[in-house]
Amino acid sequence: MDFDVLVIGAGPGGYHAAIRAAQLGLRVACAEREAVGGVCLNVGCIPTKALLHAGEQIAAARHAADFGLTFGEQKMDIAKLNGWKDGIVKKLTGGVGALFKANKITHLIGEASFVDAHTVKVGDKTYTAGSFIIATGSEPAKLPGLDVNQVEIVDSTGALVMPDPVPARMLCVGGGVIGFEFSHVYNNMGSQVKVIEFLPNVIPGADADAVKEFAKSMTKQGIKIETQTKANRAEKKADGIHVELESVKTGEKRTEIFDRVLVAVGRRPRTDGLNVAAAGVHVTDRGFIPADQQQRTNIAHIYSVGDVAGNPMLAHKAMKEGLVAAEVIAGKPAAQDAVAIPGVVYTSPELAWVGLTEQEAKDKGYKVKTGTFPLSASGRAMTLQQTDGFVKMVVEADTDLLLGVHIVGPHASDLLGEAGLALEMGATATDIALTIHAHPTLGESVLEAAEAVHKQAIHIMNR
Amino acid sequence: MDFDVLVIGAGPGGYHAAIRAAQLGLRVACAEREAVGGVCLNVGCIPTKALLHAGEQIAAARHAADFGLTFGEQKMDIAKLNGWKDGIVKKLTGGVGALFKANKITHLIGEASFVDAHTVKVGDKTYTAGSFIIATGSEPAKLPGLDVNQVEIVDSTGALVMPDPVPARMLCVGGGVIGFEFSHVYNNMGSQVKVIEFLPNVIPGADADAVKEFAKSMTKQGIKIETQTKANRAEKKADGIHVELESVKTGEKRTEIFDRVLVAVGRRPRTDGLNVAAAGVHVTDRGFIPADQQQRTNIAHIYSVGDVAGNPMLAHKAMKEGLVAAEVIAGKPAAQDAVAIPGVVYTSPELAWVGLTEQEAKDKGYKVKTGTFPLSASGRAMTLQQTDGFVKMVVEADTDLLLGVHIVGPHASDLLGEAGLALEMGATATDIALTIHAHPTLGESVLEAAEAVHKQAIHIMNR
Amino acid sequence: APTQPTVQTREDGRILAVPAARQLARELGVDLAQVQGSGPNGRVRVHDVTAHVEGARAVPPQSAQPVASAPAAPQPQVPQPQAPA
Ligand SMILES: Cc1cc2nc3c(=O)[nH]c(=O)nc-3n(C[C@H](O)[C@H](O)[C@H](O)COP(=O)(O)OP(=O)(O)OC[C@H]3O[C@@H](n4cnc5c(N)ncnc54)[C@H](O)[C@@H]3O)c2cc1C
Ligand SMILES: Cc1cc2nc3c(=O)[nH]c(=O)nc-3n(C[C@H](O)[C@H](O)[C@H](O)COP(=O)(O)OP(=O)(O)OC[C@H]3O[C@@H](n4cnc5c(N)ncnc54)[C@H](O)[C@@H]3O)c2cc1C
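Protein chains in written order, with my numbering: chain A, 1 to 463; chain B, 1 to 463; chain C, 1 to 85.
FYI, nobody ran anything at the bench for these hints, they're computed from the structure.
Among these hints, one or two may not hold up.
[As the list claims (entries may be wrong)] Within a straight-line C-alpha distance of at most 20 Å, the following computed EDC-like cross-link-like pairs (lysine to aspartate or glutamate) qualify:
#, chain 1, residue 1, chain 2, residue 2
1, B, K91, A, D66
2, A, K91, B, E73
3, B, K362, C, E27
4, A, K75, B, D388
5, A, K75, B, D66
[As the list claims (entries may be wrong)] Facing chain C, according to a computed beta carbon distance under 10 Å, are these residues of chain B, among others:
#, residue
6, G273
7, K364
8, G426
Keep in mind it's a predicted model, so treat the numbers as computed, not measured.
Cβ coordinates follow ideal geometry from the N, Cα and C atoms, glycine included.
Let's have the full structure, built from the sequences with the hints guiding it.
Take a look at the structure:
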């Protein structure tokens, strides 16, 4: 046996699994056919956040006039922007490479495919291992009629390279997390951005009130949102890309012209080239390789983690599952038993949530109480010049048990730490309300939302 | 009896007490001789944070060059800056006034003084009440030899009015929280700033490692820090304010010249004009009016909350104590039983902590383990261009019980929410390590610090 | 009759209890030091306090049990949080 564990894919799921397995004393290999770090570090979480930060600094410079700070002519060096972003990616992927070395993980370069349930081929070599962890991730879903050429019509990977000049008119097809993050970037960079979404609401999965507040702020910032709208086809002409849009409700069609079209209509699991059939691993109709709470597939010594294992396709879920798989293989009592998996849209304001939405809680039969505290009443938000948003808490009425927290606002993702821990600890709104939160912080709004559940928030009237 | 409760002072301690008492159905009055909102809203927490934000935007604009965003000539309209800051204060104090009205709290304008244990005089009227809450706060301590004139030699209140032009050379006497917040503001505004501190370390009370990391970043940003140094006297001359500085260790003296000197050497409780003696309320030698866990003074129906009740002099402590006093008076089972009171320096990076420092834990006899995760290994910190700092966790070795969390970094104050809740809930490092934290967030560094306690952080080598 | 549970006391004298449990104990006049915590390190949660009260109520009041004879103890409406499925 060449290795105790062979991990396929070095995205967040795979590299967390590999490192934890090595920490636990196992002999570990990790195969990767593209770049260490996977989608997340190379063309996902990290480069988008870099661009979002840059875009937000442009907006911040504009708002600085409110307190008397003004600037002369502003210049954006697009090549430098792309280079800076790439530098961060390189630093992080280089870091993962260094961690592989330091943890004595064998990095197998190339595409891995199963020969049988105990053997994997990478390049022209075959390797045996006691356990395998499939962490092959996902790729952008395609939309018929809109062929991605990564120039005018791009997917999330193409959209990461900011063109020079910035497109004047930008269409984002898909009003999910990824679509809005890019729309926010391009809007701040100066594009006129329209987002279309097939469903009646953007950011499916988030709390309806939170989505409403979020969409209001995006609209105020200049992003046009059209729900229940689809894009049928796109054609490049001299004056731009002609896109046929259709109202889902009325069937009415019209053509609009854009300079760049982003297709962001979801992601699908990736198992091409992996030849899992040779190992007898079950793949669902939709291409997922499902796993149990220990991340085991139908074949007991083959594990599946991350995007390929199922929804939600989020890096922190992949990481958790990677750690669980590694620990289980090392004989530890690990399980993916999380009460809730947080979600974040890293725009400004951010939209961040963890746990049940009000509607989900009701659908599950909970008797629900909610408490909401608007950031317009937060002193800290005022000093940060960012008062759009609120904290909303969903609580089981009889027991006061926290069920979900939904935040629109600056640093919302940082406030999720408390909310997530509270859910995992089985905390009540009272536990949060009785905990001293530093003043003046955005976290006080979490406290006030908990107080609002009991109609005892201090800085608003409780009705 | 005119009122069920008469609150003296409308700072955060007083106004929280008044509003909660009203929410609980009591007839409430609140006396205030200056401005509603107290030190905190008028000349403390809020205006400093406004100035800090403005200063940080200047620094951010400079760092934007890293990703290709440059600006022409930058102008700071100081009058507008002061006006913007005052506007936020006005909005918040106006808000408290509106909450008083909406909650039917009688606002008594003027200085309150006890006539006897059941009667208070405000202006030329006397009022009786069932209970009294003393929330008279604190004021800046004075330093012999440095007479505050609020022009060249200022205390924190004078320092809040940014002069035009900004002083070229600024001395801050006192390296505590308030001193550093102002030093950071003035440094970002373009002053050459020196901070002197009598003690061997700045930010007394914070964890030694955290203070070291914090001071390193402040120094890197251009603030000169001299510890074990005191200021003996200051004299205004034609070329500036001549200040005699003395080394505490060697006794060596020298004179340096500044354009503005800030005296920030602590605060002292304020009971002048209150005539507590008439009520028989005990006052300590240092001027505090101590209270028990229910905020009762030695006189059972007279309560004391906030700065006047004792250290730490922090707004969120005042708020908590205000709520407790009100609830106790209303017959509720409240107590000031907080495990820990957080502290924050709102500079960039922020220094924020809650619970025991490593040294305090050791001094209390705990067998201690620690875990530290540097922000230089955080992807989120990189995208925010703010990688100075770390998260340090102090844990009881045998039980894994969390004892303290110490953070230097951006949004550190927002991350305290999780840390504070964890302490109050009696959480272990394992509880935090097993909770999914969204990626990419700064909160992941809290998770990684918890993992580091167990030598299992993913993004660093654990030694 | 059930005997008083032996409650581990920590060396630092701290009784580990979540904030809501501390508040409920005050409300019901329960001495937290007498409550057996079900969490890690003996951490007391809300349901531990209610279970303690119910256990005490099942036993005829004795002078040794301050819980049942606490004057301020109202008829408790006992919340019992359950983790969501
Ligand atoms: C634009 C964008 C922004 C995003 N932002 C966020 C965010 O902010 N937060 C968040 O939580 N999530 C975000 N995501 C989602 C996140 O990137 C994924 O959930 C995460 O990368 C999944 O990790 P993984 O390890 O399962 O797979 P991946 O990251 O997809 O990695 C799989 C790896 O396996 C390799 N591989 C596949 N097949 C083989 C094979 N046969 N042999 C060898 N190697 C193979 C691939 O080359 C790849 O490197 C974003 C995604 C995108 C596209
Ligand atoms: C520059 C600065 C920055 C600060 N930043 C922070 C921070 O970021 N976070 C934090 O937690 N804390 C901060 N503090 C400390 C914080 O302001 C105090 O802890 C807080 O204001 C205390 O609240 P209090 O209600 O006890 O008293 P105060 O806010 O001092 O209010 C007392 C009120 O009582 C009134 N009063 C006094 N005597 C009488 C009388 N006899 N009759 C009628 N009225 C009377 C006063 O006029 C005053 O309005 C800061 C302080 C300063 C100076």
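Going through the hints against the structure:
1. Of the pairs offered as hints, the one joining K91/B and D66/A holds, with about 15 Å between alpha carbons and a cut-off of 20 Å not exceeded.
2. With a CA separation close to 33 Å, the supplied pair K91/A and E73/B exceeds the 20 Å bound.
3. As the CA atoms of K362/B and E27/C are separated by approximately 35 Å, the hinted pair breaks the 20 Å bound.
4. For the proposed pair K75/A and D388/B, the alpha carbon gap of about 27 Å is over 20 Å, so the pair is violated.
5. A hinted pair counts as satisfied when its Cα atoms are at most 20 Å apart, and K75/A with D66/B qualifies at roughly 13 Å.
6. Using the Cβ-Cβ criterion of 10 Å, the hint placing G273/B at the interface with chain C is not satisfied: the shortest such distance is roughly 36 Å.
7. Interface restraint check for K364/B: the shortest CB-CB distance to chain C comes to about 7 Å, inside 10 Å, so the restraint holds.
8. Checking G426/B against chain C: minimum C-beta separation of about 4 Å stays under 10 Å; hint holds.
The structure is inconsistent with the numbered hints 2, 3, 4 and 6, although it conforms to all the rest.
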